[in-house]
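Chemist: Take a look at the letters that make up each chain.
2 protein chains.
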Amino acid sequence: MRIGAIEAGGTKFVLAVGTEQGEIVEKTTISTEHPDITMPKVIEFFEDKGISRIGVGSFGPIDCNEMSASYGTLQKTPKTDWVDYPLGGTLKEALDVPVFIDTDVNVAAMSETKWGNARDVDTCLYITVGTGIGAGAYFHGQTLTGLSHPEMGHIKVRRHPNDDYEGTCPYHGDCLEGLAAGPAIEKRWGKSAKELADNEQVWELEADYLAQALTNYIYILSPERIVIGGGVMKQQQLFPFIREKVLHMLNGYVTSPYVTEREIDQYIVPPGLTDEAGVKGALYLAMRD
Amino acid sequence: MRIGAIEAGGTKFVLAVGTEQGEIVEKTTISTEHPDITMPKVIEFFEDKGISRIGVGSFGPIDCNEMSASYGTLQKTPKTDWVDYPLGGTLKEALDVPVFIDTDVNVAAMSETKWGNARDVDTCLYITVGTGIGAGAYFHGQTLTGLSHPEMGHIKVRRHPNDDYEGTCPYHGDCLEGLAAGPAIEKRWGKSAKELADNEQVWELEADYLAQALTNYIYILSPERIVIGGGVMKQQQLFPFIREKVLHMLNGYVTSPYVTEREIDQYIVPPGLTDEAGVKGALYLAMRD
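Chains as they are written, first to last, in UniProt numbering: chain Y, 1 to 289; chain Z, 1 to 289.
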């Protein structure tokens, strides 16, 4: 069985055809423009591939409640050309196959649990720190959804006493995303993350905000593994800082061996599927139903 | 079928016998002392009741992973007499019936979803604000567990600029529980919550901390209903303050109609089962498996 998989991101769409074993047999990338430009290219790619179903891990917010009339429709996204765009409906109509949609981060949590760095556990939190901050959870075979999908990047963290940057979030100013996503780093320091790679002060501050968030996620969700990806996390020096600060903030309250000095390196980890977590997650999403 | 139900709390145990319809046919309450004193009374109560199974909603932390060798055993609880006490194992051995254990707040989330103020939705967060602050989540027929059960009361919130109270939590000082549970209110203001009922400043501060927590829970879990109970919430004037502040903090980012001025009164609500949420949850826990 050949399965279609789409990682629909704010800057690019990854289109792939894969197998039930998680093997990607063909893949291409196109840039995200107006839906009238992007979507015909997506449909053209899949048209002659003989796929029986298609999975999509999408940027959001998006309605991913299968029972809803607007399942697969984008909502109030900052990508204004895509607001209210029926991504799922358009694919289904054009390709005449079942379409399964969840958020990019929820499907990444799924694929990391199936094939990646959380494949030995049942509960995984996947966080991406890039242009924005988002997270998805895959717990005991279900992604976490309720009212809508989570928007974990918008929690409040305590400001570092030496940081007076006002934050970039148009809704909340200095929420986690407003203080710690890529654009906040660039605007606060006036340089790109890459140019700041050797400035320890930058990454210590960044790690403080991310560790606060992870500590809250641990108290609220209690995942057995935390996978962190995204452009900002290419700065690998962040990992030891974050781990150390999470241990310090938990202060021994959570007694699991996973969150001790001995095992924390295996608890807070980069993605195992590197840049394919999204597209493989979309593949797995379509396989499951 | 008669089912045993226990709400095992830090100050009292509620013991009940009920039916599959959620009816409690007999109930008694005993105080929580040393297990050597309390447990023989528990066993004596159930011995001649002809129950076929028993459900327990317990204080924690407790191992509630059914696959674990120490399922039903208390962990590093502040009630030192109960540390490492095999609550589930003791009941099973003495009464020779299957025993099902989860946290007090997880089972309260279950019973509110089955019979209480969340019976029209699939995803419910139950929070108790009393001697401590705890929360449980029941999402699509599962309670939320991973590494362990959540410990949502220990998240960090931003300090109110006019509050310099250091907090009561022995692990984190000024985490949510340290700033906003009953003992923190009493110690900060030098009076009991009841005596402070008319002091608006007290409840505005309390609502600020609780609203911050609820906002974080909404971003991370996205529940369709939030039920808040516990001793501190007997101060009903807290509800309008909390609702208003949550709307202000979300600032329109979550677009569901549930979190709008029009519907927030039905979104953040007191328990429907009042003081029976725990024991009825224990009953439901035993019925489900």
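By construction, these hints were calculated from the structure, which means they are not laboratory data.
Please note that the accuracy of each hint is not assured.
It does not matter which identical chain is meant; a pair holds if it fits inside one copy or across any two.
[What the hints assert, rightly or not] Straight-line Cα separation of at most 30 Å, BS3-like style, residue types lysine-lysine; simulated pairs: (1) 12 <-> 245; (2) 187 <-> 92; (3) 194 <-> 92; (4) 27 <-> 187; (5) 92 <-> 191; (6) 191 <-> 41; (7) 234 <-> 12; (8) 191 <-> 114; (9) 49 <-> 234; (10) 41 <-> 194; (11) 191 <-> 49; (12) 76 <-> 245; (13) 41 <-> 92; (14) 79 <-> 245.
Chemist: Could you run down the list of hints and mark each one as holding or not?
Modeler: Structure-based check of all given hints:
In this homomeric assembly, residue 12 and residue 245 never come within 30 Å of each other (Cα to Cα): the closest approach is 33 Å inside a single copy and 37 Å across copies. Proximity of residue 187 to residue 92 under the C-alpha cut-off of 30 Å is found in neither arrangement, the shortest distances being 41 Å within a copy and 60 Å between copies. Taking the closest pair of Cα atoms, residue 194 and residue 92 never come within 30 Å of each other, the shortest separation being 40 Å inside a single copy and 59 Å across copies. With identical chains, the CA atoms of residue 27 and residue 187 are never at most 30 Å apart, being 34 Å at best within one copy and 62 Å at best between copies.
When the C-alpha separation of residue 92 and residue 191 is checked against a cutoff of 30 Å, the pair qualifies neither within a copy, at 43 Å, nor between copies, at 63 Å. Taking CA atoms no more than 30 Å apart as the test, residue 191 paired with residue 41 passes in neither setting, with 35 Å inside one copy and 68 Å between copies. Proximity of residue 234 to residue 12 under the C-alpha cut-off of 30 Å is restricted to the intra-copy arrangement: shortest distance 18 Å within a copy versus 52 Å between copies. For a Cα distance limit of 30 Å, the shortest separation of residue 191 from residue 114 qualifies neither inside one copy, at 37 Å, nor across copies, at 54 Å.
Within a single copy, residue 49 and residue 234 get their C-alpha atoms no closer than 34 Å, and across copies no closer than 62 Å, so neither meets the 30 Å cut-off. In this assembly of identical chains, the alpha carbons of residue 41 and residue 194 never lie at most 30 Å apart, being 32 Å within a copy and 66 Å across copies at closest. With identical chains, the CA atoms of residue 191 and residue 49 are never at most 30 Å apart, being 44 Å at best within one copy and 72 Å at best between copies. In this homomeric assembly, residue 76 and residue 245 come within 30 Å of each other (Cα to Cα) only across copies, at 22 Å, whereas the closest approach inside a single copy is 34 Å.
When the C-alpha separation of residue 41 and residue 92 is checked against a cutoff of 30 Å, the pair qualifies only within one copy, where the shortest distance is 15 Å, while the shortest distance between copies is 62 Å. Taking the shortest alpha-carbon separations for residue 79 and residue 245, only the inter-copy value of 28 Å comes in at or below 30 Å, while the best intra-copy value is 34 Å.
The structure fails to meet hints 1, 2, 3, 4, 5, 6, 8, 9, 10, 11 from the earlier list, while all remaining hints are met.
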